[in-house]
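Colleague: Each chain is listed here by its residues.
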Amino acid sequence: MNTSQLNIPDTVFFAVLAGIAALAAIGVVAFPNAVRSALCLVVNFFMLAFLYFTLNCEMLGITQIVVYTGAIMVLFLFVIMLLNLGSPQAFFERRDLKWIGGGLFGLGLLVVVGSQVLPPLLKFTQVRAEATFGSPQSVGLSLFSDYLYPFEIVSVLLLIGIVGSILLAKRRIE
Amino acid sequence: MNGVPLVAYLGLGLFMFTCGVVGVIIRRNPIVIFMCIELMLNAVNLTFLAFARYMPAKMIAPGVGPLHSATMSGQMMVIFVMAVAAAEVAVGLGIIMAIFRLRNNVDIDEMNLLRG
Numbered sequence: 001m002n003t004s005q006l007n008i009p010d011t012v013f014f015a016v017l018a019g020i021a022a023l024a025a026i027g028v029v030a031f032p033n034a035v036r037s038a039l040c041l042v043v044n045f046f047m048l049a050f051l052y053f054t055l056n057c058e059m060l061g062i063t064q065i066v067v068y069t070g071a072i073m074v075l076f077l078f079v080i081m082l083l084n085l086g087s088p089q090a091f092f093e094r095r096d097l098k099w100i101g102g103g104l105f106g107l108g109l110l111v112v113v114g115s116q117v118l119p120p121l122l123k124f125t126q127v128r129a130e131a132t133f134g135s136p137q138s139v140g141l142s143l144f145s146d147y148l149y150p151f152e153i154v155s156v157l158l159l160i161g162i163v164g165s166i167l168l169a170k171r172r173i174e
Numbered sequence: 175m176n177g178v179p180l181v182a183y184l185g186l187g188l189f190m191f192t193c194g195v196v197g198v199i200i201r202r203n204p205i206v207i208f209m210c211i212e213l214m215l216n217a218v219n220l221t222f223l224a225f226a227r228y229m230p231a232k233m234i235a236p237g238v239g240p241l242h243s244a245t246m247s248g249q250m251m252v253i254f255v256m257a258v259a260a261a262e263v264a265v266g267l268g269i270i271m272a273i274f275r276l277r278n279n280v281d282i283d284e285m286n287l288l289r290g
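In order, the protein sequences belong to chains A and B. Its first residue numbered 1, the first sequence is counted upward by one per residue in this note's numbering. Its first residue numbered 175, the second sequence is counted upward by one per residue in this note's numbering.
These aren't lab readings, by the way, just hints derived from the structure by calculation. Keep in mind it's a predicted model, so treat the numbers as computed, not measured. We put the CB at the ideal spot given by N, CA and C, even for glycine. Some hints here could point you the wrong way.
What the hints assert, rightly or not - Listed next, the stretches of chain B that the computed footprint assigns to chain A, with coverage defined by at least 3 CB atoms under 8 Å from CB atoms of chain A:
no.	region
1	207-214
2	246-253
Unchecked claim - Cβ pair distances, simulated, as ranges:
no.	chain 1	residue 1	chain 2	residue 2	range
3	B	279	A	118	41 to 47 Å
4	A	107	B	243	35 to 41 Å
5	B	218	A	148	22 to 28 Å
To be verified - Pulled from the structure, derived: some chain B residues nowhere near chain A, Cβ distances all over 12 Å:
no.	residue
6	195
7	286
8	289
Construct all of the structure, not just a fragment, from the sequences and the given hints.
Modeller: What follows is the structure in structure tokens.
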């Protein structure tokens with residue numbers, strides 16, 4: 001349970017993945033161009049999927065790649081291209097005092113939460129879940145037995161989302 | 175991956191969440207703001223999965239049951255967060271399209287249609 005049993009190759013691998021993910025997260029916020037932000041977000045989601053693999057959550061890692069980078073980011077890029085086509089000036093952003101204030105607020109949040117929440121959890125280095133806890137078998141078994149009602153409710157929610165987005169985005173023909 | 179402590183994953187999640195918060199505050203483009211919200215949701219997902227795998231002993235509430243169901247609950251929450259995020263993005267981007275068609279501009283500071 002102590003930190004002296006640090007595994008060097010695993011730690012280096014994690015550090016590379018986490019570093020790329022953190023850089024991409026900064027890029028999402030800092031790039032003035034929305035397309036570049038979206039591409040940074042794609043990189044970030046891929047790194048997160050690999051981090052899910054390192055957490056033994058294979059099912060959720062694949063879901064992350066398919067749902068986020070496959071579906072959601074394509075939707076984002078479609079809308080960016082669609083809006084950019086209409087007016088190229090729509091995405092011009094001014095940089096002003098809001099950047100300094102927001103940056104200071106973020107730094108404060110990072111320091112406060114990091115110093116209050118993380119130290120008591122420092123001693124947990126032991127993995128307690130079994131190695132197959134993220135396999136498709138166990139996820140499916142749990143999803144279709146204990147979590148069947150939430151699953152059905154989410155399917156209704158997705159249906160409502162589809163209908164609502166079509167209704168909102170369609171052109172009024174009058 | 176057995177050598178990485180829980181705090182490393184939580185620290186990365188905290189950093190990504192902070193980036194999302196800062197982005198929501200400072201950006202004016204509603205699409206980028208949506209992306210920052212996605213960033214925050216993903217940071218929370220990473221935290222859920224890290225807790226589900228390491229499962230600190232004090233955090234298992236009485237009555238949750240055996241360790242297996244306690245580790246599964248984190249993953250189930252991540253699945254539902256992903257589904258809700260997908261629905262949210264579809265509806266939100268539809269709203270942005272509708273606003274763009276109405277105003278021909280997507281600067282969030284100039285959206286004051288609801289002002290009384």
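Colleague: Measuring from beta carbon to beta carbon, are residue 107 of chain A and residue 243 of chain B in 35 to 41 Å?
Modeller: Holds - the Cβ-Cβ distance for residue 107 of chain A and residue 243 of chain B, about 39 Å, lies within 35 to 41 Å.
Colleague: Check the following: the C-beta atoms of residue 218 of chain B and residue 148 of chain A are separated by a distance inside 22 to 28 Å.
Modeller: Given about 24 Å between the Cβ atoms, the range holds.
Colleague: Just want to verify: residue 289 of chain B was marked as not at the interface with chain A; is every Cβ pair farther apart than 12 Å?
Modeller: Non-interface label on residue 289 of chain B holds, nearest chain A Cβ at 20 Å vs cutoff 12 Å.
Colleague: Do three or more residues of the region 246-253 of chain B come closer than 8 Å to chain A, measuring C-beta to C-beta?
Modeller: n = 5 at 8 Å, threshold three: holds.
Colleague: Examine the region 207-214 of chain B for residues whose CB is less than 8 Å from any CB of chain A, and state whether their number is three or more.
Modeller: It holds, with 5 qualifying residues against the three required.
Colleague: Taking C-beta pairs only, is residue 195 of chain B more than 12 Å away from all of chain A?
Modeller: At roughly 6 Å from the nearest Cβ of chain A, residue 195 of chain B sits no farther out than 12 Å, so the non-interface label is violated.
Colleague: Is the Cβ of residue 286 of chain B more than 12 Å away from each Cβ in chain A?
Modeller: holds (17 Å)
Colleague: Should the hint that residue 279 of chain B and residue 118 of chain A are 41 to 47 Å apart at their CB atoms be regarded as holding?
Modeller: Cβ of residue 279 of chain B to Cβ of residue 118 of chain A: about 42 Å, so the range 41 to 47 Å holds.
The structure shown violates just one earlier hint, number 6.
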